[in-house]
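Quick mapping for you: the protein sequence lines, in order, are chains A and B. Heads up, the first sequence is in my numbering, so the first residue is 14 and it goes up one at a time. Heads up, the second sequence is in my numbering, so the first residue is 14 and it goes up one at a time.
Some clues are possibly wrong.
Computed Cβ-Cβ distance ranges for the label pairs, DEER-style [to be verified]:
id, chain 1, residue 1, chain 2, residue 2, range
1, A, A64, B, D195, 53 to 59 Å
2, A, G70, B, A320, 49 to 55 Å
3, B, R220, A, A361, 53 to 59 Å
4, B, R220, A, E223, 16 to 22 Å
From the structure, some residues in chain A lie toward chain B, with a derived Cβ separation under 10 Å [said to hold, decoys possible]:
id, residue
5, G49
6, A50
7, V55
8, I85
9, N94
10, W97
11, N99
12, Q103
13, L117
14, K148
15, G177
16, L225
17, A239
18, F303
19, A320
20, L321
If you're looking for bench data, these hints aren't it; they were derived computationally from the structure. Small disclaimer: the values here were computed from a predicted structure and weren't measured. Where is the CB? At the ideal position from N, CA and C, for every residue including glycine.
Protein chains: 2
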Amino acid sequence: LSALRVRYRLRPAAGEDAGRRAAHLAREQTIEIAEGAADPEVERRAIGRVAEVAPDGAGRFAVTIDYPLAAIGGDLLQLLNVLWGNVSLQAGVRVESIEWPRELLERLPGPAFGVEGVRELCRAHGRPLTATALKPLGLSSRELARRAAECALGGIDLVKDDHGLGDQEWAPFRERVLTVADLVERANRSTGGACLYAPNLTGSADRIAERLETLAEAGVRAALVAPALVGLDALRALAETSGLVLLAHPAFAGSLAGGEHGLAPELLFGDLFRLAGADAVVFPNAGGRFPWSYDDCRAIERRLGAALGGKPGSFLMLGGGVDRARLAEWVPRYGPDTIWLVGGSLYARADLRAAAREMAEAVSRTPPGRAAGEAVA
Amino acid sequence: LSALRVRYRLRPAAGEDAGRRAAHLAREQTIEIAEGAADPEVERRAIGRVAEVAPDGAGRFAVTIDYPLAAIGGDLLQLLNVLWGNVSLQAGVRVESIEWPRELLERLPGPAFGVEGVRELCRAHGRPLTATALKPLGLSSRELARRAAECALGGIDLVKDDHGLGDQEWAPFRERVLTVADLVERANRSTGGACLYAPNLTGSADRIAERLETLAEAGVRAALVAPALVGLDALRALAETSGLVLLAHPAFAGSLAGGEHGLAPELLFGDLFRLAGADAVVFPNAGGRFPWSYDDCRAIERRLGAALGGKPGSFLMLGGGVDRARLAEWVPRYGPDTIWLVGGSLYARADLRAAAREMAEAVSRTPPGRAAGEAVA
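Use the sequences and the hints to build the structure in full.
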C-alpha cells in the first residue's frame, strides 16, 4: 500500500448524490479547491481518490477513499487533518476504519510498554489487572495518599489520579504526586508488591516539562493523560520520550466518536490512541454511567489487541461505573488484556483495604473470556 | 460571582427525570462519585450545584449549574474538563453559555493583538479585512509564494497557509515559510502595503519551538493554528509568549459543536477560542461548502465582539467557500470586524493579482452592516 485507505459510512443529505458527495469529501480533505481550479498534475498527486461507493442500507453508503501518503507527510496531526479536519464541520460522515500502510505505521510510536511491558512492571501475568481512581476531587493530598496506600496494600495493580485532579488548592499537583508516590512506595515495600501510581499529567502545555520533573523526583513510572485535552500529538511525544507507562483518558473525546457523524469509537480509542502511544486506554464499560454498548467496548478491545505492524498491544481499562460486586460477571466477558478500574464502589466501603483485597481476589480467581476477535478454539 | 455558571440544554433519555439528570451532571463533572460515598464537607466544597431546571419545550430542559472556581484551579484544560470532560461521553447535553467570573477571566490571556492590534499591523481601519488561503496542497513553495505575492500586490490584507499545508515534501515547512515570507515582504515594499503572512504552525508538539524559530527568522508576524489539533492550551501558551497574531482554524473541532450533544458553536469558536488567545477565528460562512447557518455565524461574531472582562475583541474570519462574486451581498450582513477569506474562487481566475485587487476593492467599497448584537441607532 502506498496510500492511506479510509472506509466511511456516509449519509448524504436529501437529494444529494452519494458518489458526488464522496468525491467532494476526497477533495475537501486534501486540496480543498473546486474542480478545474487546480493544475491537473497537482490534483493527481495530492487529492484523495474514491475507490468505492456502495449502498449500505437505509440511505447510507459505504465509501472507500485512498489518500496519497505524501499528503500526510508523516505528521500525526496532518493525519488527523486528512481524516477529520474540515469534514468535522460537515454532517453525515462516519470514519469507520483505516488500512494502515507500513510506511505510516513506522512513523507512529505505538505503546512504549504495551501489555507485556506493563505486566512486567506490575508483575502480573496471565490475568486481567485491577486499578482504582483516586477521588473525589476536594480531598487533601494526604487523604488521597492514604486511599492509594490502602488500595496498594489490598493488592490493586494500578492507582491513578481521577482525571479531574489537576492543580487545585485542595491537593496541588506537586504535593499530591510526592505524597501519594511516597505512600504507595511504602506499601509496595511492606507487601513486596509492585503497585503502579499514575498521576494525572494533563495540564498546561508549557508546564508539562515541570510536571515530568516532579514525576521523576517522585520515582513515578506511569501517568494519566487525556489526549483530547492536551492534543493527541502530545501523547505521541510523551510516548517517544518520557519513559512512562501512559494511560489515555477519554475525557473531552466523546463527541468525536460514535453517532452518525464522527470517528468510529474503535478507530479513535483503539487504533489512534494506541498508535499515538497509549499503553492502556480508559473507556466506560457498558452498563455503567455511560451509554456505550458492550459491542463498542469489544470493538475497542479488538483494535487494541489487533496486529498492527508489530506494535505492542494496549490494555483496555474499563471504568465509568464498574461495580466491584459485578466483576465476576464482567471479567469473563472480555479477554485477559483488560484492567478493571473501580472507583466509587470501593470507597463506599469503610474498610478500603479489605474492599481492595476482595476486588483483587475476585479478578484473580475469575477466568477471563477470550480477547475480542481471538479465534474460538 | 465566585462560581462558574454554566447553562445547558438537556434532553433526558426516555423516562429519565430532568432534575435527577442535572444533579448527575453536576456530580459527574466534579467529584465523580455516587451520592453518599463522599464526606459531606468535601462534597460541599467541590461539587457543582444545580441552580435551575426549567422545561424548554419538546422534551428539553434549560439547566443552570454553578461550579466552584476552586474545582477548576485556573487551568484552561481543567476548565474544559469541567465543561465537557466526561459528559462528552454521554448524550443529550448541549453547553449553551458560560457566565465568566472575573477571577477566571484574569487567568485567561485573550487575544494578544485583537481587532485593533491586527488593524494596526495591516494598516486597515474602519472596514472589513480581506484574506486568502494559499492552496492547493501539492503546489511547490515557489508557486505558493508567487500566489501570495500576487495577492499582496493586489491589496489583500492577510495571506494564510491552507490548514492542510504541513511539512509535506511538495512544500516543506521551513522552505515554504522562508520563500513565501520573502515574496510577501518584497510585494509590501513595492506597494507600500502591509500584507500579513500567516504560516500554518499546526504540527508536532515537540517541534513547535523549532517552527517558531523559523517564523522569527522569516520575520513573520502571524500564524495559523488549529486548536482542536494542537490542544486549546497550546493556543493559550502561544498567545502568552509567541508575540504572533494568531488565527485559529476550526479543523477537527466541528464534531465538538452544534447538534443535540456538544458545545454551542458560539461558546467554542466564540468565547473559548477568543479567551485562549485567537486574534481571529476562521469559520465557514453560511451558504458555502459547510452546513452552518447565518445565525450560527452571527452568534459567533457576537461572542467575538462581546464585552468580556476588558479583553480585546477578535475578528471573525469567514471562509469555507465564500465566492468573491458574492462579497457585495455578504459584507453588509456582518459588522466591520470581519475578515473575508476567499480561496478557490480567486485562483480560478488566470490573472490572480487583478482578481485580488477586485476583491479588495469590493470589500473596501461595500459598507459593512452592524456587528452582531450592536444596538440599532
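Cross-check of the supplied hints:
Between A64 (chain A) and D195 (chain B) the Cβ separation comes to about 40 Å, which falls outside the hinted range of 53 to 59 Å. Taking 49 to 55 Å as the suggested C-beta distance range, the pair G70 (chain A) and A320 (chain B) conforms, at roughly 51 Å. Between R220 (chain B) and A361 (chain A) the Cβ separation comes to about 47 Å, which falls outside the hinted range of 53 to 59 Å. For the hinted restraint 16 to 22 Å between R220 (chain B) and E223 (chain A), the CB-CB distance of approximately 20 Å keeps it satisfied.
Residue-level restraint check for G49 (chain A) holds (minimum Cβ-Cβ distance to chain B is 7 Å; threshold 10 Å). Look at A50 (chain A): its Cβ gets to within about 5 Å of chain B, closer than 10 Å, so that hint holds up. Nearest Cβ of chain B to the Cβ of V55 (chain A): about 4 Å, under the 10 Å cut. The hint holds. With a cut of 10 Å, the hint placing I85 (chain A) at the interface with chain B holds, because the nearest CB-to-CB distance is about 8 Å.
The interface hint given for N94 (chain A) is met, as the beta carbon of that residue sits about 6 Å from the closest beta carbon of chain B, less than 10 Å. Because the beta carbon of W97 (chain A) sits about 6 Å from the nearest beta carbon in chain B, less than 10 Å, this interface hint is met. Taking 10 Å as the C-beta cut-off, the interface hint given for N99 (chain A) holds, the closest approach to chain B being about 6 Å. Nearest Cβ of chain B to the Cβ of Q103 (chain A): about 6 Å, under the 10 Å cut. The hint holds.
Because the closest C-beta pair between L117 (chain A) and chain B is about 13 Å apart, greater than 10 Å, the hint is violated. At its closest, the beta carbon of K148 (chain A) sits 6 Å from a beta carbon of chain B; the interface hint therefore holds under the 10 Å criterion. Checking G177 (chain A) against chain B: minimum C-beta separation of about 6 Å stays under 10 Å; hint holds. Given hint, L225 (chain A) at the interface with chain B, is violated; its Cβ is 13 Å from that chain's nearest Cβ, farther than 10 Å.
Taken as an interface hint, A239 (chain A) checks out: its beta carbon lies about 7 Å from the nearest beta carbon of chain B, inside 10 Å. Residue-level restraint check for F303 (chain A) holds (minimum Cβ-Cβ distance to chain B is 5 Å; threshold 10 Å). The restraint placing A320 (chain A) at the interface with chain B is violated, with a minimum CB-CB distance near 27 Å, outside the 10 Å limit. With a cut of 10 Å, the hint placing L321 (chain A) at the interface with chain B is violated, because the nearest CB-to-CB distance is about 21 Å.
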